[in-house]
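Here are the chains, one letter per residue:
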Amino acid sequence: MSGGYNEIHPEPTTFWSKYIFSFDHKVIAKQFLWYGIFFLGVGGLMALLIRWTLAYPGVPFPVIGNLLFPGSNGIVPPDTYAMLFTLHGTIMIFYAITPILIGAFGNYCIPLMIGARDMAFPLLNMLSFWFAFLSGLVLLISFITPLGAAAGGWTSYPTLSTLIGSPGAGQTLWCVAIFLFGISSTMGAVNYVTTVITLRAPGMGYFDMPLTIWGLWLTAILNAIFVPVLGAGVILLILDRIMGTTFFLAGASATSGSGDPVLFQHVFWIFGHPEVYILILPAWGIVSDLLSFFSRKPAFGAKATALSMTSISILSTLVYGHHMFTTQMSPLLTQSFMTLTMTISIPSAIFFANWLGTIWKGSIRFDSPMLFSLGVVFVFGLGGLTGLHLGTTTTDLYLHDTYFVVGHFHYTMAASVLLGGFAGTYFWFPKMFGRMMNETLAKIHFWGTMIPLNGIFFGMLLVGYGGMHRRIYNPFIYESLQRLIPVNNIITMSAILMGAFQLVFVYNFILSLRKGPKAEQNPWNVGTLEWTIPSPPPHHNYDEIPVVKCGPHEFGNPNLKTGRDFQYQTEELVQA
Amino acid sequence: MTFKRSEAQINLASNIVIISMAMLFATLFMGYAIYRSSAPVWPPYGTQKVSLLLPSLSTLILFMSSFFCHQVLVNSRKADFKKAHFNLNITIALGLGFMILQGFLWSQMKGAGLYVSSGIFASLTYAFTWIHFAHMVLGVLALFYLKKVLKPQTQNILTKTSSVGNFWYFLEIVWIIMFITLFVF
Ligand code: HEM
Ligand SMILES: [Cu+2]
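Residue numbers (my numbering), protein chains in the order written: chain Z, 1 to 576; chain G, 1 to 185.
There could be a bad hint or two in this list.
What the hints assert, rightly or not - If you want the footprint, here are the derived chain Z segments under chain G, 3+ residues with CB under 8 Å: (1) 184-191; (2) 228-234; (3) 486-499.
Stated by the list, open to error - With a Cα cut of at most 30 Å, we get these calculated BS3-like pairs of lysine-lysine: (4) K26(Z) to K4(G); (5) K443(Z) to K515(Z); (6) K148(G) to K18(Z); (7) K4(G) to K18(Z).
In case anyone wonders, no lab produced these hints; they're calculated from the structure.
Please read all numbers here as calculations on a predicted model, not as lab measurements.
Note that beta-carbon positions come from the ideal geometry of N, C-alpha and C, so glycine has one too.
Looking at chain Z on its own, in the form it has when it is part of the complex (with noise of 0.2 Å):
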């Protein structure tokens, strides 16, 4: 362990070190905060406008619709249809998820919950929020080049998205964007994993780090492994684009030796898999702690936890091929991907039995973080569940490219990351802001985003199954499928109901923010070591090191006569 310095820094004194060009990681967190909100708004929007068009083909959008769309009476037109679910999928992806899950609570916890001043690498560290706003900022240029932004699917996948098939800037600025990217995540990946390995307080091993530190240090070590894997690739793509090559263009599209489309589906999937795991880790560990917390009991198997994530995170590289069922690969590689894929299931029971086993016969309490991970357990249940539809071949050959897939991804990807998202922020809001938030209103915002979420994914399952297809403008001009109309509108309605109670969250963070009551040091009762010391924390964050001595989820020790019902993580495991 250790060996690294954790020295105290200068406290920055302008307004410009401080705020903005700031090294302090809890400043950074906030800041990927507020980059991943907004642009979960914007990707929120996109995913209403979308939602609009499949349940109401033809019929202009409500009150903003002829703002938006001048030019065909507020209707949502066909190729704006295609950038806009392109857009969804990659905003949602790289601007929301990434910035929030990784970028602001990997920034915030992992330097406090292991006990050090800062990260490894501030300057790193600062540079790496400056690159993905850099990135965003070509993202959304891109909506105002002559022909729009890339229309091509979040997968990129050629010839869609080579010049053949969309002309315009906006496809290579989105290569650009998700290049400039990827140096962030890299960058932010190699601090992470040096801060994991070297700043660890003493006497803190690695199986005493809470899960949540578990869970962000394998996405950091996937990202680094796997992020250049897709830079690549779009390299590539961008080369195609405006440098001539032929890697992507295939037949007579290329002129001497052929290129081949379909390589940049592996190389995407190869980087894709395991990048689904990266957005789901940071929340799966955070759930796993919180679960614990509310329960007021050791998480059950917390090594097995910590184990089994890691035994997913080196599956994970292997899987790729269940993307690509459908693309005439050899039946033997197809049974290889199918049976490697099944195999995820083991490590990934033993992890869901031990989410039941920690809130099993817990004493829980019902604070809104609890809820919304008691909302991750169900969905994310659900959402694994219909994996295995999709990993089976013979099911994934009906199923592919359809709702169901949508349902799927959205359901383990969207809601599970979300809820976590959410969990996360009503439970760290004391610590970084130093106010509580309203709970009567977190629970609304619970219950009113629980339902109608359901209703929107469960609803793409069932669309899905019945035979519609992802990606279509009007799926309904084929007579099969208008008998799913009214499953669309309540699809719709749902997505309306669930983007509305999102306003509950948006009030309740503005008003928590300004007067809120002020935070106690430690409002939830919890042993980890950013509760050990002031909300919100000082610049260094600890005066003194922290000795940690026991591990991070030291509840209902009958043998505790403090009065209070958890450890510290500095304190000496009491014994009988």
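Using the hints, position chain G with the ligands against chain Z.
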């Protein structure tokens, strides 16, 4: 503002950076292997191989630069910073020489009728050398950084020297693989 750091941190971070970049190049070489193995003949009909003269010279130069780069570390270990700077200058000069030769290589390829858009063989040759070149720019910048800090008072100077050195060797290894795959076979 300067931050104190330990050797372990610098070592770890620089190794992770190299692993990340290695994954980028590994992806490129995977692509190469697929194009190559699915082509009926190599290079494809109508394309000619690039003359080996310039690439061989480049390989030699880069190999020599790595040798001198290693000497920088050896000198620094013996606290002979004067010699270390001398060897570092040679390393930088050879690195720049390599980059100039790459320019000649590209114009030679163009002169021989091999344009960027002349098909998959040209795509691979140009794109890989460009991407390697972009990393060489980073490598030379790292050498200049080392030039600036190479003195006995600098914190962790040996670790910094060996980290920059590792990056430089990494660039050489990538080039050698490219030399063998793109030009020799
Ligand atoms: C529980 C085990 C899981 C299995 C067996 C599984 C299996 C699959 C399969 C086979 C597909 C391809 C379906 C098709 O295109 O025909 C797929 C798509 C997808 N899955 Fe999963 N998955 C699992 C968990 C997850 C998790 C945890 C996430 C994210 C956090 C996730 C995110 C995605 C995404 C984003 C896509 C589709 C992307 C696209 O085509 O646009 N999956 N999954
Ligand atoms: Cu997958």
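Cross-check of the supplied hints:
no. : hint               : result
1   : 184-191            : holds (count 4)
2   : 228-234            : holds (count 5)
3   : 486-499            : violated (count 0)
4   : K26(Z) to K4(G)    : 20 Å, holds
5   : K443(Z) to K515(Z) : 19 Å, holds
6   : K148(G) to K18(Z)  : 29 Å, holds
7   : K4(G) to K18(Z)    : 20 Å, holds
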